[in-house]
Amino acid sequence: MTSTPGDPTVTVSAAAAAATGVRTPWSEFWRKFRKQPVAMGALAFVALLVLLAVFAPWIAPYDAENFFDYDRLNTPPSAAHWFGVDPLGRDILSRILMGSRISLAAGFFSVALGGLVGTTLGLLAGYYEGWWDRIVMRISDVLFAFPGILLALGVVAILGSSMVNVVVAVSVFSVPAFARLVRGQTLALKHMTYVEAVRSIGASNWTIVVRHILPGTISSIVVYFTMRLGTSIITAASLSFLGMGAQPPMPEWGAMLNEARADMVNAPHVALFPSLAIFFTVLAFNLLGDGLRDALDPKIDRQ
Amino acid sequence: MKHAISLPRRRALAAGVLTAFALMAQPSFAAVDVVLAIGGQPDALDPYNTNTTLTQALLKNFYQGLYGFDKDLNIVPVLAESHTVSKDGLTYDFKLRQGVKFHDGTPFNAEAVKATLERAVNPENKLARHNQFNRIAKVDATGPFAVRITLKEPFAPFINSLAHPSAGMISAAALKKYGNKDIGFNPVGTGPFVFVEWKQTDFVKMKKFDGYWRKGYPKVDTVTWKPVLENNTRAAMLQTGEADFATPLPYEQAGELQKNPKLTVVTAPSIITRYVSFNMLQKPFDDLRVRQAINYAINKEALAKVAFSGFAFPAQGVVPQGVRYAHKMDPHPYDPKKARELLKEAGYPNGFESVLWSAYTTTTAQKTIQFLQQQFSQVGIKVTVQALEPGQRTEWVQTAPDPKTAKVRMYYAGWSASTGEADWALRPLLSTEAWPPKLNNTAYYSSKVVDDAIAGALRSVDEKEKTELYRKAQEQIMKDLPWAPLVTEQSIYATSKRLSGVYVMPDGNVNMDEIAVSK
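For the protein sequence lines, the chains are A and Y, in the order given.
Residues 17 to 319 in our numbering are what the first sequence lists, from first letter to last.
Residues 30 to 548 in our numbering are what the second sequence lists, from first letter to last.
Treat the hints with caution; some may be incorrect.
What the hints assert, rightly or not - Under the rule of at most 16 Å between Cα atoms (straight-line distance), these lysine to aspartate or glutamate pairs were calculated in the EDC-like manner: (1) Y/Lys411 x A/Glu81; (2) Y/Lys248 x Y/Asp542; (3) A/Lys51 x A/Asp313; (4) Y/Lys236 x Y/Asp169; (5) Y/Lys100 x Y/Asp117; (6) Y/Lys334 x A/Asp85; (7) Y/Lys334 x A/Asp149; (8) Y/Lys155 x Y/Asp211.
As the list claims (entries may be wrong) - Here are the simulated distance ranges between beta carbons: (9) Y/Gly134 x A/Gly176: 50 to 60 Å; (10) Y/Asp211 x A/Gly170: 31 to 41 Å; (11) A/Ile155 x Y/Glu382: 34 to 44 Å; (12) Y/Gly339 x A/Thr136: 50 to 60 Å; (13) A/Gly57 x Y/Thr269: 40 to 50 Å; (14) A/Trp46 x Y/Lys288: 39 to 49 Å; (15) A/Gly170 x Y/Glu182: 32 to 42 Å; (16) A/Gly200 x Y/Asp211: 28 to 38 Å; (17) Y/Lys288 x A/Trp98: 22 to 32 Å; (18) A/Gly57 x Y/Lys288: 34 to 44 Å; (19) Y/Gln229 x A/Ala204: 48 to 58 Å; (20) A/Gly176 x Y/Lys288: 36 to 46 Å; (21) A/Val180 x Y/Lys366: 28 to 38 Å.
In case anyone wonders, no lab produced these hints; they're calculated from the structure.
All residues carry an ideal CB built from backbone N, CA and C; glycine is no exception.
Isolated chain A, as found in the complex (with noise of 0.2 Å):
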């Protein structure tokens, strides 16, 4: 086997790169990426998230779950609770630290799953088109009709109120953008010349498609991922805030909001800290996005 010369991203931008000398991928999309302060600052916030949620067992003050102070219900913010006390007496802040876990995991897997699922059968779509190819797009017609959190529910309700069902929830209604996506690509690059150049030489089917297809989809899979994920986290909020997805006293984001309801009016940070916690994390992962999208992008890098 050859080394690959399939990716897109190098083929094209090789030649507006050709005065500057060569460079690779990955130091061309940093390159790019770098230039842009919102989607660095979008990818700092990130991993600092995520650093959070791995250490929060360590990091959170107290035990979200199990400290309660029934003598400081829903006290405002002070030295001893950052974020406050919520209605049940228990730390925000802790509680905020150990939902980050739920809600990037729910988030990461959820579109993990649709994106794997999505992306074989858009590639297979794309590939051999014909029946398949109609079976696929029209499933995924049907699911695009539904909006996403209707599915969601729906899924959920058939399936049962759990933090796992939401994940799978949430992950059928990412299919059908990712097989869609995959499919477009695909069917573009299947009439590159180094497609056929790779089948003239030969190549079976699998070869091409996973080494010389799915390769080209990747920056647009890695965009679409990032995006995704926000609107994922924002889902499986939704779900548990409406009962369907972490029970108590799970410290999930969505969950907290709903529990916040009832004192919201008199203790507006018991509502405030987990929605600004969805906020900035869904718009994190969103600009993220935009900036892996401008920074993988030939065509932006043209202009």
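Here the structure of chain A is known, so what remains is to put chain Y in place on it, guided by the hints.
Just chain Y, lined up with the frame of chain A:
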């Protein structure tokens, strides 16, 4: 008095406006509409087929009983003028009020009483409150306005049963017209208001009954009862003036609402008691030590603070003070150490896992079960909590056909003895005859001592003996602990300043006999 003076003027005004609108050929017009926001959806417009206090509250305006309760739950005559009881306590003779009309124009008389009560007694009608009337042997019209009711056995709180809002008198003609089921959608009584429309999740609308027997009443034209499940929304509706009255109010917002000059916030004692029942047919709740442990594991003062914002106090026994024959007993002190020891003794040194259901989905209930979850986890008991929707509650708990396979374990619920008397606080909840699907003994508790005492007290006409029997029953219950009694809550409600004559009774029922609106 004030309203009596302002009434003719308002009438004249209303009439004037009415004419004006008639000229403009407006099809419908409501002069004074009062909106009452309540915390639950009415389940049936049939007083004999609901166990929901707020539904009863609403139905009281269509239906009136032979007797009723005043503000302090004393019995007062309504459609009956008086009655006499035979020495053996079996025969009741009632003299009925004359000149009362039903909404369909038919007169209220002995026939109506007979038709109404015979329907309630007939088990084939499958009415939710059948048990309240099942001691009636027969109902005879002894004259156009005289009724004799014969009981199967002496039943001391019989008049209480008749005074309960569920015992409303239904028009015999309407009952015949609509039948046992559909009367629940077409209420026809003698009350001050006539049924207009029921949109199940949205509202029940009622309008003034012109032929009402109490002259000068009601003083408003239409009343709309709106079920608003969300606590905050109910409070917000008061703030914006969209509702004139709201109950129950979110405890969290009592302070905020008190600051509003347009509202009157009232705190009233209640006979609503909150408890957790244990399914005693199932492990580990068959073990008394486990039930004791759970009673010790709950900090009731903290619960009152967390879930009820302080508008509650630890329950003093099984029957709350304010109900007749309630026996005051000290609550179990909060002692997690003792709880852990008892669990160890019972063979659960590391606790156990179980489920805790709530009969309601209100924020107060959600907080309560989560609080209990916290408390239980401190002694090693891990529970998953779930607030049941009305449908789940009916299916999984109230109508579970077989006690042995019933899924209920720990169950958070509440009860107010609307007859104002210990019988209705004990028999439907803790007697052997009350096991689901019949009534609400969700603990599947069965004690001969308690059953006998309740039955004895029902037959007894001697006050002293009754007090003694009920004391015995209540003490036995606290010894066996089929429940963890939690708190007795206070009811808080608020009215707009323009509204008067609407109040919440100690059992959570709403009375609006004197409803009036000032300009």
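Results of checking the hints against the structure:
| no. | hint | verdict |
| --- | --- | --- |
| 1 | Y/Lys411 x A/Glu81 | holds, 12 Å |
| 2 | Y/Lys248 x Y/Asp542 | holds, 9 Å |
| 3 | A/Lys51 x A/Asp313 | holds, 14 Å |
| 4 | Y/Lys236 x Y/Asp169 | violated, 33 Å |
| 5 | Y/Lys100 x Y/Asp117 | violated, 31 Å |
| 6 | Y/Lys334 x A/Asp85 | holds, 11 Å |
| 7 | Y/Lys334 x A/Asp149 | violated, 61 Å |
| 8 | Y/Lys155 x Y/Asp211 | holds, 14 Å |
| 9 | Y/Gly134 x A/Gly176: 50 to 60 Å | holds, 54 Å |
| 10 | Y/Asp211 x A/Gly170: 31 to 41 Å | holds, 35 Å |
| 11 | A/Ile155 x Y/Glu382: 34 to 44 Å | holds, 40 Å |
| 12 | Y/Gly339 x A/Thr136: 50 to 60 Å | holds, 58 Å |
| 13 | A/Gly57 x Y/Thr269: 40 to 50 Å | holds, 41 Å |
| 14 | A/Trp46 x Y/Lys288: 39 to 49 Å | violated, 58 Å |
| 15 | A/Gly170 x Y/Glu182: 32 to 42 Å | violated, 55 Å |
| 16 | A/Gly200 x Y/Asp211: 28 to 38 Å | violated, 59 Å |
| 17 | Y/Lys288 x A/Trp98: 22 to 32 Å | holds, 29 Å |
| 18 | A/Gly57 x Y/Lys288: 34 to 44 Å | holds, 43 Å |
| 19 | Y/Gln229 x A/Ala204: 48 to 58 Å | holds, 55 Å |
| 20 | A/Gly176 x Y/Lys288: 36 to 46 Å | holds, 44 Å |
| 21 | A/Val180 x Y/Lys366: 28 to 38 Å | holds, 37 Å |
Going down the numbered hints, you'll see the structure goes against 4, 5, 7, 14, 15, 16, while the others check out.
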